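Chains as they are written, first to last, in our numbering: chain A, 1 to 242; chain B, 1 to 242; chain C, 1 to 216; chain D, 1 to 216.
By construction, these hints were calculated from the structure, which means they are not laboratory data. Don't take each hint at face value.
Where chain A lies over chain D, by a calculated footprint (3+ residues, C-beta under 8 Å) [unchecked claim]:
id	region
1	55 to 62
2	76 to 84
3	89 to 98
4	130 to 137
5	186 to 197
Heads up, simulated DMTMM-like pairs for lysine to aspartate or glutamate below, C-alpha to C-alpha not over 25 Å straight-line [stated by the list, open to error]:
id	chain 1	residue 1	chain 2	residue 2
6	B	K141	A	D151
7	A	K141	B	E67
8	C	K137	C	E38
9	D	K184	A	E136
10	A	K132	B	E133
11	B	K132	A	E136
12	D	K121	A	D58
13	C	K121	B	E67
Listing some non-contacts, in silico: residues in chain B with all C-beta distances to chain A over 10 Å [stated by the list, open to error]:
id	residue
14	V4
15	D38
16	Q70
17	K72
18	Q87
19	L94
20	E95
21	A110
22	G114
23	P116
24	T120
25	D151
26	H203
On a predicted model such as this, the values are computed, not experimentally measured, just so you know. Heads up, the beta-carbon is just placed ideally off N, CA and C, and yes, glycines get one too.
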Amino acid sequence: MNKVYPDAKSALEGILKDGMMIMSGGFGLCGIPETLSDAIRDSGVKNLTFISNNAGVDGIGLSRLLETRQIKKMISSYVGENKLFAQQYLAGELELEFNPQGTLAERIRAGGAGIPAFFTKTGVGTLIAEGKEVREFDGEKYLMERSLFGDIAIVHAWMGDTAGNLVYRKTARNFNPMMATAAKITVAEVEHLVPAGQIDPDHIHTPGIFVKRIVQVGTAKKHIEFRTTRPRTAQAATGVEV
Amino acid sequence: MNKVYPDAKSALEGILKDGMMIMSGGFGLCGIPETLSDAIRDSGVKNLTFISNNAGVDGIGLSRLLETRQIKKMISSYVGENKLFAQQYLAGELELEFNPQGTLAERIRAGGAGIPAFFTKTGVGTLIAEGKEVREFDGEKYLMERSLFGDIAIVHAWMGDTAGNLVYRKTARNFNPMMATAAKITVAEVEHLVPAGQIDPDHIHTPGIFVKRIVQVGTAKKHIEFRTTRPRTAQAATGVEV
Amino acid sequence: MAWTREQMAARAAKELRDGYYVNLGIGIPTLVSNFIPEGIEVNLQSENGMLGMGPFPFEGEEDPDLINAGKQTVSELPSTSYFSSADSFAMVRGGHIDLSILGAMQVAQNGDLANWMIPGKMVKGMGGAMDLVAGVKRVVVVMEHSAKDGPKLLKKCNLPLTGERVVDMVVTDLAVFTIDKHGKDGMALIELADGVTLEEVKANTEAEFRVALKNA
Amino acid sequence: MAWTREQMAARAAKELRDGYYVNLGIGIPTLVSNFIPEGIEVNLQSENGMLGMGPFPFEGEEDPDLINAGKQTVSELPSTSYFSSADSFAMVRGGHIDLSILGAMQVAQNGDLANWMIPGKMVKGMGGAMDLVAGVKRVVVVMEHSAKDGPKLLKKCNLPLTGERVVDMVVTDLAVFTIDKHGKDGMALIELADGVTLEEVKANTEAEFRVALKNA
Numbered sequence: 001m002n003k004v005y006p007d008a009k010s011a012l013e014g015i016l017k018d019g020m021m022i023m024s025g026g027f028g029l030c031g032i033p034e035t036l037s038d039a040i041r042d043s044g045v046k047n048l049t050f051i052s053n054n055a056g057v058d059g060i061g062l063s064r065l066l067e068t069r070q071i072k073k074m075i076s077s078y079v080g081e082n083k084l085f086a087q088q089y090l091a092g093e094l095e096l097e098f099n100p101q102g103t104l105a106e107r108i109r110a111g112g113a114g115i116p117a118f119f120t121k122t123g124v125g126t127l128i129a130e131g132k133e134v135r136e137f138d139g140e141k142y143l144m145e146r147s148l149f150g151d152i153a154i155v156h157a158w159m160g161d162t163a164g165n166l167v168y169r170k171t172a173r174n175f176n177p178m179m180a181t182a183a184k185i186t187v188a189e190v191e192h193l194v195p196a197g198q199i200d201p202d203h204i205h206t207p208g209i210f211v212k213r214i215v216q217v218g219t220a221k222k223h224i225e226f227r228t229t230r231p232r233t234a235q236a237a238t239g240v241e242v
Numbered sequence: 001m002n003k004v005y006p007d008a009k010s011a012l013e014g015i016l017k018d019g020m021m022i023m024s025g026g027f028g029l030c031g032i033p034e035t036l037s038d039a040i041r042d043s044g045v046k047n048l049t050f051i052s053n054n055a056g057v058d059g060i061g062l063s064r065l066l067e068t069r070q071i072k073k074m075i076s077s078y079v080g081e082n083k084l085f086a087q088q089y090l091a092g093e094l095e096l097e098f099n100p101q102g103t104l105a106e107r108i109r110a111g112g113a114g115i116p117a118f119f120t121k122t123g124v125g126t127l128i129a130e131g132k133e134v135r136e137f138d139g140e141k142y143l144m145e146r147s148l149f150g151d152i153a154i155v156h157a158w159m160g161d162t163a164g165n166l167v168y169r170k171t172a173r174n175f176n177p178m179m180a181t182a183a184k185i186t187v188a189e190v191e192h193l194v195p196a197g198q199i200d201p202d203h204i205h206t207p208g209i210f211v212k213r214i215v216q217v218g219t220a221k222k223h224i225e226f227r228t229t230r231p232r233t234a235q236a237a238t239g240v241e242v
Numbered sequence: 001m002a003w004t005r006e007q008m009a010a011r012a013a014k015e016l017r018d019g020y021y022v023n024l025g026i027g028i029p030t031l032v033s034n035f036i037p038e039g040i041e042v043n044l045q046s047e048n049g050m051l052g053m054g055p056f057p058f059e060g061e062e063d064p065d066l067i068n069a070g071k072q073t074v075s076e077l078p079s080t081s082y083f084s085s086a087d088s089f090a091m092v093r094g095g096h097i098d099l100s101i102l103g104a105m106q107v108a109q110n111g112d113l114a115n116w117m118i119p120g121k122m123v124k125g126m127g128g129a130m131d132l133v134a135g136v137k138r139v140v141v142v143m144e145h146s147a148k149d150g151p152k153l154l155k156k157c158n159l160p161l162t163g164e165r166v167v168d169m170v171v172t173d174l175a176v177f178t179i180d181k182h183g184k185d186g187m188a189l190i191e192l193a194d195g196v197t198l199e200e201v202k203a204n205t206e207a208e209f210r211v212a213l214k215n216a
Numbered sequence: 001m002a003w004t005r006e007q008m009a010a011r012a013a014k015e016l017r018d019g020y021y022v023n024l025g026i027g028i029p030t031l032v033s034n035f036i037p038e039g040i041e042v043n044l045q046s047e048n049g050m051l052g053m054g055p056f057p058f059e060g061e062e063d064p065d066l067i068n069a070g071k072q073t074v075s076e077l078p079s080t081s082y083f084s085s086a087d088s089f090a091m092v093r094g095g096h097i098d099l100s101i102l103g104a105m106q107v108a109q110n111g112d113l114a115n116w117m118i119p120g121k122m123v124k125g126m127g128g129a130m131d132l133v134a135g136v137k138r139v140v141v142v143m144e145h146s147a148k149d150g151p152k153l154l155k156k157c158n159l160p161l162t163g164e165r166v167v168d169m170v171v172t173d174l175a176v177f178t179i180d181k182h183g184k185d186g187m188a189l190i191e192l193a194d195g196v197t198l199e200e201v202k203a204n205t206e207a208e209f210r211v212a213l214k215n216a
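Start from the sequences, fold in the hints, and give me the full structure.
What follows is the structure, given as structure tokens:
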């Protein structure tokens, strides 16, 4: 059962359709499956709903599918980085569903885990609660949230093997592991592809069962959104602004 | 903030009380926090409720707290290995709540994750559904299950560091990671204790935030419940019975 | 002449497809792994937290930290990964496992399954059985056709259920049946074991079934 | 004379305790990490999936895979661990984080908080703010006492809420208040900034509050 594809285009072949719902990993520009989202752009498929914490920044990531108007709707927690997004939204050309970030993450996790709905304190008494069931447990109010499940998921990992096992690197992990579990077909792009057996099985973040197709993309497309540093002479203060 | 204790007794000092609810990791005899459960036995604390997938086998693990009648109630998925358990249960001396294994795991995960209740297909139309809300989502029936949260959790890990970060080994991981998140105070026993910074942060299974106390116990207390092997001359058949 | 345990396992193994992720129960289902058809790659899941379960270890290589859901020592494969019980049952419940092959005490003609308790006897617990039958895409039961006290394929189970409308196929020592668990086609006899007659199957089956024998 | 941004951050930092796990918002809250009291060890959580967040990296050591929730490059510490967004917010929602320090547009006297949208203006999204205020054990707001168009400490927020009854303490450039968010003690003024008078605070605050000044 071969899971390895030679490039992003072939890894997406036969599974893209107009109007489909796509999970796309990443937080900001960190850990986004940019090679795969660019290939979705190139495919020309349209009227897409994307579930993604953010919408890229102008010219990078999902923003490139906004340019071509292939995206009909976004389910996100924050889109503040993206001017094109704001324009299309204000012009009524783009639907938007905001989810609190933790609720979004948990809805995706629930989708992959066969849990159709769960309760959370997040959003009680806010606009997010509109139209949702509110229920008390042990004297506290909670909202019922439904799960999310995509037609396909695209994720980015640091390393993958031929069995589809994935390892993420540092904060590039973010939404990728849950999304990998929450779609009919998950396609993974990896910086490094190795034969099965090369990754310590205790270090695997996403077991191969969740990954149907895998493609090696190298490390070229990695971006820094806000480059913050401290000078080498400065004293090491935690999180200091410079 | 020191988390390291010299032995199991001191690691449990001041936190044990009669009648408390204790989460205890492990599956069968694999990955059980036996040094800590033995120390709970030695403390003499009683009327305990244990949440544990199994109840040890006669003479090992939680079974030793059955011998001393310190356990009032078990919340488990399978207790078939334990003759003493059967005796006490049939004599009406022990309460028992069976949970499907996946429901048990998810109730614990929910407890640690601030989710008071969730829906699952598991157990619909069975004895497990008695007294539980049944609800349809997209034409399928689901049960509502409540979360579990303990007074303390005891877990066993392969390696830990002074910041409380834990790494489990192979199938000894099982219930330990969720239980570590689902109690007011989590005490971890580890085979190997290292200074913070020695474990690759991408390999950590339980972040230190969940572990209040940690004690090194070595590898002496590890048991095999069913020793199944194949002779070196045999052909390598998967899962072959010998 | 009915099928042996090995023949039943071999028949169940014909349900495997290349690339399948499969969970095998204890007993005859475990034997299925000895009959995986040539050229087919199957990945075994063990619900205690392992994907890519290998065979029993060589003598002297048993590892207390490496067991299957039956608490037996097993070994690793190149594809192996480990995960928590929560992640394992998320995988099960979420429908990611293609096939579960397990034993049963009773199966009803609508797909109801009973395999975890007998009232009045000491109850050991359901372990992961309820999660597996509710969550796995396709459930194949492998069991003896009859118990000492009568048929096991019933109109309605009289033992407490493990799951409601969950069984897709039953392989016994006498025959193979399919069950349309969500639809209205009910139960169908699709194969007879070598040398077994239709009359013999009818005599030992309480459940109502259509006869839909292949190559008959 | 009101407090500077640095003085506000320093005051908020006094709420830190040894061993605390803390989430800091963007802006003034970020500055709090510069004022961690001597002898106290605090662990910073970044909700995108990191515990044990270190300072900005040295020039040339920026790593695109290592950012905080504000998408800024940061560095690792010996205690660092990484995890998924689901695990990160399980940590937040489950009440495992001791303290969250964050900015606000408005705070009401019952602890209601508004900090994510202004109707009629482009909405950027709430990110993780709603989860943090609902889940973290104790929430401290650090903000300017007044906006250009009037008070920010109100009887009732008129902007859409981020959370209902979630704020425990407010540090402004003029004063420090506590809020009994679940009880009936309401809001209390407990400190004045250097050189600020009670009258000045009263004139700039719409919310009703008790005066309970320490060492006054």
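Quick rundown of the hints versus the structure:
1. Given a C-beta distance limit of less than 8 Å, the hint that chain A covers the region 55 to 62 of chain D holds, as 8 residues qualify and 3 suffice.
2. For the region 76 to 84 of chain D, the proposed coverage by chain A is satisfied: 4 residues have a C-beta within less than 8 Å of a C-beta in that chain, meeting the threshold of three.
3. Residues of the region 89 to 98 of chain D lying with their CB closer than 8 Å to a CB of chain A number 4, which satisfies the three-residue condition for coverage.
4. Note: the region 130 to 137 of chain D has 4 residues with beta-carbon separation from chain A under 8 Å; the three-residue rule is met and the coverage holds.
5. With a cut-off of 8 Å between beta carbons, the region 186 to 197 of chain D has 0 residues touching chain A; three or more are needed, and the interface restraint is violated.
6. As the CA atoms of K141 (chain B) and D151 (chain A) are separated by approximately 23 Å, the hinted pair is consistent with the 25 Å bound.
7. Simply put, K141 (chain A) and E67 (chain B) have alpha-carbon atoms about 42 Å apart, too far for the 25 Å limit, and the pair is violated.
8. Taken as a hint, the K137 (chain C) and E38 (chain C) pair is honoured in the structure, with Cα atoms around 23 Å apart against an allowance of 25 Å.
9. Only pairs whose Cα atoms come within 25 Å are accepted, and K184 (chain D) paired with E136 (chain A) is accepted, the gap being roughly 21 Å.
10. Only pairs whose Cα atoms come within 25 Å are accepted, and K132 (chain A) paired with E133 (chain B) is accepted, the gap being roughly 18 Å.
11. With a CA separation close to 16 Å, the supplied pair K132 (chain B) and E136 (chain A) stays within the 25 Å bound.
12. Only pairs whose Cα atoms come within 25 Å are accepted, and K121 (chain D) paired with D58 (chain A) is accepted, the gap being roughly 20 Å.
13. The straight-line distance between the Cα atoms of K121 (chain C) and E67 (chain B) is roughly 22 Å, inside the 25 Å bound, and the hint therefore holds.
14. Remark: the non-interface label on V4 (chain B) is consistent with the geometry, its nearest Cβ contact in chain A lying 23 Å away (cut-off 10 Å).
15. Consistency note on D38 (chain B): stated as away from chain A, and its beta-carbon is indeed over 10 Å from all of that chain's, at 26 Å minimum.
16. The non-interface label for Q70 (chain B) is consistent with chain A: the shortest C-beta to C-beta separation is roughly 28 Å, beyond 10 Å.
17. Against chain A, the non-interface label of K72 (chain B) holds: every CB pair exceeds 10 Å, the least being about 22 Å.
18. With 10 Å as the threshold on Cβ separation, the claim that Q87 (chain B) sits away from chain A holds: the shortest Cβ distance comes to roughly 36 Å.
19. The Cβ of L94 (chain B) lies farther than 10 Å from every Cβ of chain A, with a closest approach of about 27 Å, so its non-interface assignment holds.
20. The beta carbon of E95 (chain B) sits about 22 Å from the closest Cβ of chain A, which is more than 10 Å, so the claim that it is off the interface holds.
21. Here A110 (chain B) does not stay apart from chain A, with its beta-carbon only about 7 Å from theirs, under the 10 Å limit.
22. Distance check on G114 (chain B): its Cβ comes as close as 7 Å (rounded) to a Cβ of chain A, failing to clear the 10 Å threshold; non-interface status is violated.
23. The claim that P116 (chain B) is not at the interface with chain A is violated, since a C-beta of that chain comes within 10 Å of its own (minimum 4 Å).
24. With a closest Cβ-Cβ approach of about 6 Å to chain A, T120 (chain B) is found to fall inside the 10 Å limit, against its non-interface label.
25. The Cβ of D151 (chain B) lies farther than 10 Å from every Cβ of chain A, with a closest approach of about 16 Å, so its non-interface assignment holds.
26. Not every C-beta of chain A lies more than 10 Å from that of H203 (chain B), the closest at about 5 Å, which undercuts listing it as non-interface.
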